[in-house]
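One letter stands for each residue in the lines below.
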Amino acid sequence: MASTDVARQPDNGVRPLSLAGHVGFDSLPDQLVNKSTYQGFCFNILCIGETGIGKSTLMDTLFNTNFENFESSHFEPQVKLRAQTYDLQESNVRLRLTVVNTVGFGDQMNKQESYQPVVDYIDRQFESYLQEELKIKRSLHNYHDSRVHACLYFISPSGHSLKSLDLVTMKKLDSKVNIIPVIAKADTISKSELHKFKIKIMSELVSNGVQIYQFPLDDETVAKVNTTMNGHLPFAVVGSTEEVSVGNKMVKARQYPWGVVQVENENHCDFIKLREMLICVNMEDLREQTHTRHYELYRRCKLEEMGFKDTDPECKPVSLQQTYEAKRQEFLVELQKREDEMRQMFVQRVKEKEAELKEAERELQSRFEQLKRLHADEKAALEEKKRLLDDDQSSFGKRRAAAQLLQAQSLTANGKKDKDRKNSGFM
Amino acid sequence: MKKEIELEAEVKVEICQSVQDLQMSFIRGSDLFGYVGIEAVLDQMRSKMMKAGVEFNIMVVGQSGLGKSTLVNTLFKSKVSRKSCTPNYEETISKTVKLHSVSHVIEEKGVKMKLTVTDTPGFGDNINNENCWEPIVKYINEQYEKYLIEELNVNRKRRIPDSRVHSCIYFLPATGHRLRPIDIEFMKRLGNIVSIVPVIAKADTLTIEERLEFKERIRQDLTTNGICVYPLKEYDEDPEERILNNRIRDNIPFAVVGTDKEHQVNGNKVLGRKTKWGIIEVENVAHCEFVNLRDLLIRSHLQDLKDVTHNIHYETYRVQRLNQSNVNFSELGLSTWLLENGSGEKYESESHL
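Sequence lines, in order, name chains Z and Y. Take 1 as the starting number for the first sequence in the numbering used here and just add one per residue. Take 1001 as the starting number for the second sequence in the numbering used here and just add one per residue.
Rather than coming from a laboratory, the hints here were simulated on the basis of the structure. Treat the hints with care, as some may be off.
Computed from the model, here is a short list of chain Y residues facing chain Z with C-beta under 7 Å [to be verified]:
1. V1036
2. Q1044
3. K1048
4. A1052
5. I1106
6. V1154
7. L1232
8. V1308
9. N1311
Using N, Cα and C, we set each Cβ at its ideal position, and we do this for glycine too.
Produce the complete structure using the sequences and hints provided.
What follows is the structure, encoded as structure tokens:
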């Protein structure tokens, strides 16, 4: 049998080479881009905020379309999530966008469990991806990725600080999803108040250890932009789908008696910055972070929970298969034990039942005997009585017969005398 | 970045099935004009790829003396083959098939590639060549196994190192007749686990008519024996790709000539082989089909080769391997593990047990 002998040069012997001409693999990014364009992209945004804070309007404004969301009532008993998926296309890029909105967030009297449905939803998406990944026959490249890539957290513009509900929710979510806090309805805050508000928010987040999404700084092309943007967090946004004419153009704006707030004017609000950061510059990074950081963390926790480890107690590396085999043996042994237990219990029950039945049988038997004796006694007694009665009868019969004979005799005797008298009478 | 382009955004009906017990909506909408910026994601992908770099693993298989190392050097325009790297190399015929891999990092216009070339000296060189493909099959499966183990780890790396063979170039000697038994056996067995690209080596020994006939016979032999070579027919995704791939399929195997020497032709420096009767230009389409091979491997189908290896061959291996060791996670009750928050629902209870 021929043997395999793979001699690989050690990795530090991987030497860089210079090319003597144009080879052509610089077209590789284009190849990748073409393939991805053909397959399409998918992006999932989760919007968390109180009812009426402007989540749907902001989504409409961001993606320049009308998602036809209806207003929800303030009387929801529990927080629910509503997810809608849309196919958007810009030039030749197709995007499958899923927008998940919270319904009834912050409306209940008792808000202690408000964050729970959100955390559950995010975990469910991770879980279904993990299930798909662990399947034997899987189709990951066709799989519709529903994991949440970005979470827009809407802070209400009180001007003071974060609410405790906000802090608690963000703390629960920061290890599961990329959180981007935004200040909603920013046209209610003045410029100076806004500046103080932003500083207060960021310091509160830092002091409470909430990890919000930081725009990546490692890629030189975008590092500069991202650094400036990181300083402007959280973005104060205004959303509007109505158009107002300003100057000689129609712009998206909100019209007030005292003026017009233009959505796409950088002096008025940070909407443009949000759109740049969320879509134009960092969409791919958001998706990558979700996959490599949040999803891996979830996967690790889930597998460790199930008992899979990479190293066994002696710190020797253990493959998943070994662990799986061990677990499977355990599981089978457990099954066997339970089966034996059940069998034993069954046998015992049967024995008990048998004993019971035997006992009942014996009892019945004794009663039967008793009754039989009783019956025999009564029969004897009756027979005795019958004999007596028969004796009586026979003696009575005898006496009657004797009496009759006597009577008959006396009658004939009398009859003779009468006859004689009669006869003599006539003479 | 602030391009003011008037673009159409269409909102179509979409049924989303992946989200359970949440309210779904169907939207039939019309469009709204305005700039959103979704297109920029393409640039983002591009820059991410350029930063991360690419790994490409190629294997060359064929008898000794067919010009494998020379061809690989010509393809990548540098001395990537094993011969050029190992000092004091002596040409010996080994008794068994050994595999040698060398890795290089090459860069072009900002795109970094880690290229690994695996050579198979000793293949088909012995008198008795039975089972000479086995070390190769073993090697390929070992790479899949390495990747699988890493993928199944609880703590896994961000980027799993990819040493799987993305493409295997099989060299056919230019006999002019048909496929030989060793060729058929090898390609049959390996066609299912790796993407094979057959080439006719040292094609300057065939005239154009002989070459066409030879190729036709080879294609017939391939279909008669049910051998799948790259590009695979079943995996053509869209009509454009199918047309392109059909053109390629009508042309395989490519007749190639390799060299690393340059000569002057009409005042230009070209790569070529100089003979008494003329200079064979490697990059001239009329002379040989090296350019087609290079375009297929590098310029147009490199990403596709990697995708086919990952999505098709690796997945086949994985299914086989997991079935073999009876690893079925749903059996263990993965699906019955309650979510931390105790929702208590058994999602996959139908598929469980």
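Here is how each hint holds up against the structure:
1. V1036: It holds, given that the least Cβ distance between V1036(Y) and chain Z is near 5 Å, below 7 Å.
2. Q1044: For Q1044(Y), the interface hint holds, since the closest Cβ of chain Z sits about 4 Å away, which is under 7 Å.
3. K1048: Status holds, d = 6 Å.
4. A1052: violated (10 Å)
5. I1106: holds (5 Å)
6. V1154: holds (5 Å)
7. L1232: Where the cut-off is 7 Å and the nearest Cβ of chain Z is about 15 Å from L1232(Y), the hint is violated.
8. V1308: violated (11 Å)
9. N1311: holds (5 Å)
Going down the numbered hints, you'll see the structure goes against 4, 7 and 8, while the others check out.
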